[in-house]
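From first to last, the protein sequence lines are chains D and Y. Under my numbering, the first residue of the first sequence is numbered 2, with each subsequent residue one higher. Under my numbering, the first residue of the second sequence is numbered 2, with each subsequent residue one higher.
Careful, some of the hints might be misleading.
In silico DSSO-like cross-links for lysine-lysine, where the CA-CA straight-line distance does not exceed 27 Å [unchecked claim]:
| hint | chain 1 | residue 1 | chain 2 | residue 2 |
| --- | --- | --- | --- | --- |
| 1 | Y | Lys77 | Y | Lys207 |
| 2 | D | Lys201 | Y | Lys293 |
| 3 | D | Lys4 | D | Lys184 |
| 4 | D | Lys201 | D | Lys142 |
| 5 | Y | Lys142 | Y | Lys164 |
| 6 | Y | Lys142 | D | Lys277 |
| 7 | Y | Lys251 | D | Lys277 |
| 8 | D | Lys22 | Y | Lys184 |
| 9 | D | Lys299 | Y | Lys201 |
| 10 | D | Lys22 | D | Lys4 |
| 11 | D | Lys201 | D | Lys168 |
| 12 | Y | Lys207 | D | Lys207 |
| 13 | D | Lys184 | Y | Lys87 |
| 14 | D | Lys87 | D | Lys4 |
| 15 | Y | Lys164 | D | Lys201 |
| 16 | Y | Lys293 | D | Lys87 |
| 17 | Y | Lys87 | D | Lys299 |
| 18 | Y | Lys80 | D | Lys207 |
| 19 | Y | Lys66 | D | Lys207 |
| 20 | Y | Lys251 | Y | Lys66 |
| 21 | Y | Lys251 | Y | Lys201 |
| 22 | D | Lys87 | Y | Lys80 |
| 23 | D | Lys164 | D | Lys201 |
| 24 | Y | Lys142 | Y | Lys207 |
Covered, in the sense of this in silico footprint (three residues per stretch, anywhere, with C-beta under 8 Å from a C-beta of chain D), are these stretches of chain Y [what the hints assert, rightly or not]:
| hint | region |
| --- | --- |
| 25 | 4-16 |
| 26 | 69-82 |
| 27 | 137-147 |
| 28 | 182-190 |
| 29 | 301-308 |
Hints in this document: simulated from the structure, not taken from any laboratory. This one's a predicted model, so the numbers in the text were calculated from it and none came from an experiment. Each residue gets a CB set at the ideal place from its N, CA and C atoms; glycine is no exception.
This is what each chain is made of:
Protein chains: 2
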Amino acid sequence: MSKLVIVGTVAFDAIETPFGKTDRILGGAATFIGLAASQFNIDAVIVSIIGGDFPEEYLDLLSNKNIDLSGVEIVKDGKTFFWKGKYHNDMNSRDTLVTELNVLADFNPVVPEDYRNAEVVMLGNLHPLTQLSVIEQMEVKPKLVILDTMNFWMNNALEDLHKVIKKIDVIAINDEEARQLTKEYSLVVAARKIHEMGPKYVVIKKGEHGAFLFHNDNVFFAPALPLEEVFDPTGAGDTFAGGFAGYLVKTGDFSFENLKKAIIYGSTLASFCVEKFGTERMENLSGEEIHKRLHQFKQLTQFEIELS
Amino acid sequence: MSKLVIVGTVAFDAIETPFGKTDRILGGAATFIGLAASQFNIDAVIVSIIGGDFPEEYLDLLSNKNIDLSGVEIVKDGKTFFWKGKYHNDMNSRDTLVTELNVLADFNPVVPEDYRNAEVVMLGNLHPLTQLSVIEQMEVKPKLVILDTMNFWMNNALEDLHKVIKKIDVIAINDEEARQLTKEYSLVVAARKIHEMGPKYVVIKKGEHGAFLFHNDNVFFAPALPLEEVFDPTGAGDTFAGGFAGYLVKTGDFSFENLKKAIIYGSTLASFCVEKFGTERMENLSGEEIHKRLHQFKQLTQFEIELS
């Protein structure tokens, strides 16, 4: 079976939205990526670090989805990474209220032996040098390395970020980050400049406005499914990435045509993620529900204009 | 041949963008709608009003595109409506610097006899009572009445606006206007509330982020074609509406499936409009160019996921 390496945070989140607030609940990029990827029945391992305060039930929740946790280091006397944020009324912007790195401050990822020949590596948002170290541990060159990052690293570790961007195949960032990275307003021009930095594929996420996939002169776009209500956007980008990566691992087809489909799967899964707080919706998601929403996606986007 | 009635301004625009500025050039909603609709070789008439200062060459430009100007009243000693605006650096927002209503202040639209049985009526942005008067002049109930409006009328003539909204089939407004009209943030909920006000079809335009078409529980989405450079957004919404209306008149098919295609044609034409100042790009646009861009649109949006 094809394998996926997921590197990223496994964390506690506390979230406040206009609809309510939570205490510490399960969160983290690798958690959301893993839950999304688990929909594809693939071999996926999470490489991360947690403290002794991390509840057994959260580990069980992930294990029960067949997510391999052999890459998760547990620091018995340490505390798990904690993020607290508050969303504004438009749900498109948020303030970070608390960031406690805790054990993440000394994270040295170790890819389990069994996964050093994985076809796909999904690098969740982390320090670029941490991401780089994972690539270097792979014994067989992966078919696809996907990178998520954010403006924080552009501000604080740009040189290191460029080192990792050079070595990856797909970068997934949001529109403002693409603009910051390239100093270009047009996303078409920004994508071209990012291509020149290394990645063959550039995914630019626009939140509720959808996502672009650029590849040379080709471009594909998937809207976000219009929802009555966005309850909590936390993890939507990671869920998108996890669906994207999971579908590619499952199919083993890394053509542009298949990456388009992976984008649709990613968008579809992300549309569920935002319906409830944290991971709640992703924990309870059936294949039938996904199938139904893929159908909605086709109705939303497909049309029949015959061109000679 | 099927007929289209276009009601709206024929005007002078002066535009400033980050890329340059123009003196008074040809503008106005009906102008852009007409130029877009003229691509479909249909019988289209403009119902509008201009002053004696309006250049013969602009009238010729429209006539040469087979746009019927028999509904354009010329007030010899009056001055043509003038709008001057300046776009901000992001090109998504603009300031109105000058609005001179001039002859538009006393505009009483008269639909030419020959067009009082037209299949489609496109009501460009004007006072709601002016729009209403056009509907009332139609001797045969049109197959489709399309309304464009804006926040100005929501602020200043809301009651009259509701009178006209009750009588139309398609409303085309932008996302902020939809939110203002319904006091709902979610566009899905806003669309449902607008349905309840009368229109069977609700088009919500999001500028560079594309457009939704809502019809009962169905929703279709067309992205805006990603461009290297948006030179001047003036008229893009009207061009979209003109392409939408023109395609429907041409095909005579007012089903939801065909409205989807009309949205794609509208988006395609709008993608040309923004490439040059004012009407310049729309004046010189070949069928071949449109065909090529429709092809790009399919590549941008179409994917193949088989669902049982």
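Taking the hints in turn, this is what the structure says about them:
1. Lys77/Y x Lys207/Y: violated (39 Å)
2. Lys201/D x Lys293/Y: At roughly 25 Å apart (the allowed maximum being 27 Å), Lys293/Y and Lys201/D satisfy the hint.
3. Lys4/D x Lys184/D: violated (36 Å)
4. Lys201/D x Lys142/D: holds (16 Å)
5. Lys142/Y x Lys164/Y: OK: Lys142/Y and Lys164/Y at ~17 Å, within 27 Å.
6. Lys142/Y x Lys277/D: Given that 27 Å is the threshold and the Cα spacing comes to 47 Å, the pair is violated.
7. Lys251/Y x Lys277/D: violated (45 Å)
8. Lys22/D x Lys184/Y: holds (24 Å)
9. Lys299/D x Lys201/Y: Roughly 22 Å between the alpha carbons, so the hint for Lys299/D and Lys201/Y holds.
10. Lys22/D x Lys4/D: violated (36 Å)
11. Lys201/D x Lys168/D: holds (10 Å)
12. Lys207/Y x Lys207/D: Within the cut-off at roughly 13 Å; holds.
13. Lys184/D x Lys87/Y: holds (23 Å)
14. Lys87/D x Lys4/D: violated (35 Å)
15. Lys164/Y x Lys201/D: The given pair, whose Cα atoms are some 54 Å apart, is violated under the 27 Å limit.
16. Lys293/Y x Lys87/D: violated (45 Å)
17. Lys87/Y x Lys299/D: Since the Cα atoms of Lys87/Y and Lys299/D sit roughly 39 Å apart, the hinted pair is violated (cutoff 27 Å).
18. Lys80/Y x Lys207/D: Violated, at roughly 44 Å.
19. Lys66/Y x Lys207/D: violated (39 Å)
20. Lys251/Y x Lys66/Y: Holds: Lys251/Y and Lys66/Y sit about 16 Å apart, inside 27 Å.
21. Lys251/Y x Lys201/Y: The given pair, whose Cα atoms are some 21 Å apart, holds under the 27 Å limit.
22. Lys87/D x Lys80/Y: violated (54 Å)
23. Lys164/D x Lys201/D: holds (15 Å)
24. Lys142/Y x Lys207/Y: Given pair Lys142/Y, Lys207/Y is violated - Cα atoms ~31 Å apart, limit 27 Å.
25. 4-16: violated (count 0)
26. 69-82: violated (count 0)
27. 137-147: violated (count 0)
28. 182-190: This one holds; 5 residues, not fewer than the three required, reach chain D with a Cβ under 8 Å.
29. 301-308: holds (count 7)
Hints 1, 3, 6, 7, 10, 14, 15, 16, 17, 18, 19, 22, 24, 25, 26 and 27, counting from the list given before, are not met by this structure.
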